[in-house]
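There are 2 protein chains.
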Amino acid sequence: MPSVLWILFDGGGDRPAGGKTPFHAAFKPTIDYLTANGSCGILDPIAPGVRPGSDTAHLALFGYDPFKYYTGRGAFEALGADVALKPGDVAFRTNLATVDENGVVIDRRAGRYIAPEEAKAVEDLMKKIGEEVGRKYGVEVVYKSTVEHRGVLVLRGAVSHRVSDTDPHKVGAKMARAEPLENSKEAALTAEVVNELSRRFTEAAAGLEINKARRLQGRLPINAILLRGGGYMPQIEPIRERYNIRAAAIAGVALIRGVARAVGMDVYTAKGLGGTKDDVFDEAVKLAVELMSRYDVVFLHVKGTDSTSHDGDFNGKVSVIERLDKALAPYLDALLKNYVVVTSDHATPVGVREHTGEPVPVMLYGPDVVVDDVAKFSELTCWRGALGRIRGIDIIPILGSYLGLSEKFGE
Amino acid sequence: MPSVLWILFDGGGDRPAGGKTPFHAAFKPTIDYLTANGSCGILDPIAPGVRPGSDTAHLALFGYDPFKYYTGRGAFEALGADVALKPGDVAFRTNLATVDENGVVIDRRAGRYIAPEEAKAVEDLMKKIGEEVGRKYGVEVVYKSTVEHRGVLVLRGAVSHRVSDTDPHKVGAKMARAEPLENSKEAALTAEVVNELSRRFTEAAAGLEINKARRLQGRLPINAILLRGGGYMPQIEPIRERYNIRAAAIAGVALIRGVARAVGMDVYTAKGLGGTKDDVFDEAVKLAVELMSRYDVVFLHVKGTDSTSHDGDFNGKVSVIERLDKALAPYLDALLKNYVVVTSDHATPVGVREHTGEPVPVMLYGPDVVVDDVAKFSELTCWRGALGRIRGIDIIPILGSYLGLSEKFGE
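Here the protein sequences line up with chains A and B, keeping their order.
Quick note: the first sequence, position 288, residue 288 per my numbering, numbers continuous.
Positions in the second sequence are counted from 1; adding 1000 to them yields my numbering.
Hints listed in this document are in silico derivations from the structure and should not be mistaken for laboratory results.
The beta carbon of each residue, even a glycine, is placed where N, CA and C say it ideally should be.
Careful, some of the hints might be misleading.
[Unchecked claim] Interface residues of chain B toward chain A, partial, derived using beta-carbon atoms under 10 Å: (1) GLY1264; (2) ILE1390; (3) ILE1398.
[Unchecked claim] Which stretches of chain A does chain B cover? Using the computed rule of at least three CB atoms under 8 Å from a CB of chain B, they are: (4) 66-78; (5) 102-115; (6) 301-312; (7) 324-338.
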């Protein structure tokens, strides 16, 4: 029985900006060969014009309405970081950052590239502070670093996700105090815990050995932990039960791993797939093709197209697409007997450096699809294709039907 | 920062009827130049096949689901006529009409073209009757004429919008009695008030000087006031808050002005833009282009395409489109740096003379849109374009994304 390889270029969509887009410019003979023999269209990840986050977009792409299931980023980030969430737990996405002596944010990412041993030192410090503060307030505190400056903070106990972010979301602004967003004991307690953790981290960070070393190297200290996107884990019927699909996801980014795990996909990682712009994809593609014998849908997440877009790096974005395509080439014969989906979770135009709301190109190759005239996977061509304009939430049902796995609605 | 000029041809959509449509036949070089350099598609104002009213279509186009926000035409008509509605007020759309001695409707519009002094005489009479009837039932009665035979009646007090229309909606039928549509004291009272107002207006109309004059001129008397679309003002979050968009509307038609005002748009009028088929657009377009420096979206409503359609006047409809295009021409250079949307709120095929439910063409020009092959704005061409098939409610989010004004949903 055929299965599906689904390649997702995070933030891969772009704007023509008077010329070509990265998808259009990239030399990607394997994807374009599949495109020439497949069906194309444009895809609104959530709905026309809606600017998706990666989390809401992936929920939709996996077949779950984000307006119903999205409960804040923190919960998905924590799942992706292998922090098991219990009902009632509250999770925040965190950034390690640099603030000045007045608490004004100098860098929301403390220089972004944080070494694993630095992340470990922060985890150790947070463990100590978390135990002390947790004891004082009767809650359990779990902090975990994920990739670079990113991490998650989970609070367990009589807590609420209805508190405001401490992340001011911009440089030059003062780190904010968490405030309760509802009139409840839980929200008030959560805000207090968050503020005390934040204050004590900044106080203790000055004495960290890693910060002494960073100072000597002329690097910014890691002296603040910014929280945002407080959320709780929603009840989600697993994809296997909801859609009768056995699905695997290969991803290096905690948030995507978390969303995949939340919907019941088996989550894998691969050598070279760290979730950065320098990822190499050979091992990831090899693993994906292997997994196709055991799963109906294998989802491969490519983060580099988004990272390069946020950096405004057109050539870097092209290079990520070309590297993925090259890694795909050895498996073309095997793929031709199966289905392949190529799309993106949202546009991140290199000229904008932020997620935007236009549709992204989508391609579906497979033995039973209508072959249209589109021969190149790109924003400038796919709208001509046989798929028309579809939405993220349509993909899984479409695949379920081609694979013969979906239930008939009615008789 | 760029902004948007949005030109809406009311009832502009049409059917090919074996040949060209008015959009296809019209000589409109400026709109077609923008079309050739923009993105096209087809648009279901509400949903495929749904026959929209102008009010429900405009609600959707402005980004508000009419199934949620539409509470009867009267409320929007009243807003458009500068009658400030208070919570609990009930408003009806009214027609001045001609009935025979048995109350059978001879003309639902009393000849349609009603002079301002005639409308004024009707207002004076309604003021007198309204005060007497209002005192008797303990309600406040406000009547206001808008354009031609059109007007609004507002009842304030212990009233309900749940009463039936007195307008039989066709010639040759008897003017109906208002009946309560729910079992409440308010609905019963409202029906009584409406019926007494209607009866007394017809009784008093015989003695009106204007009707004596009309008789001498061989014109139909204004001797009935037909009520329909009883509604109340819904709670609507302003477009500025909901979509972060500063929006202005230029319109001559009370109903459209009312819908625009209801969603929080600033409403303007312009010389020549009375909302009839003879409108000239030079001042309106000039104002629109000026307003673009102060607003994110400037909406320009063109009524004549609908009026000519209801008259079955193909050439008249073409002429309205051509006049608008000619007024646009001097501003082409300025527009090229901005966004332009051209579409319609519904089809009113000249062969049908009523609103129909097929999609209308839509064009989006702008610096960042994908340019497709469509070079002429028309029902016969736009379906080939890069926008695919979208809905009225998608327009504002799409514009918000291109303008960089919309919030991201998720992280």
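Taking the hints in turn, this is what the structure says about them:
no., hint, in the structure
1, GLY1264, "violated, 19 Å"
2, ILE1390, "holds, 5 Å"
3, ILE1398, "holds, 4 Å"
4, 66-78, "holds (count 3)"
5, 102-115, "violated (count 0)"
6, 301-312, "violated (count 0)"
7, 324-338, "violated (count 0)"
The structure fails hints 1, 5, 6, 7 (numbered hints given earlier, in ascending order).
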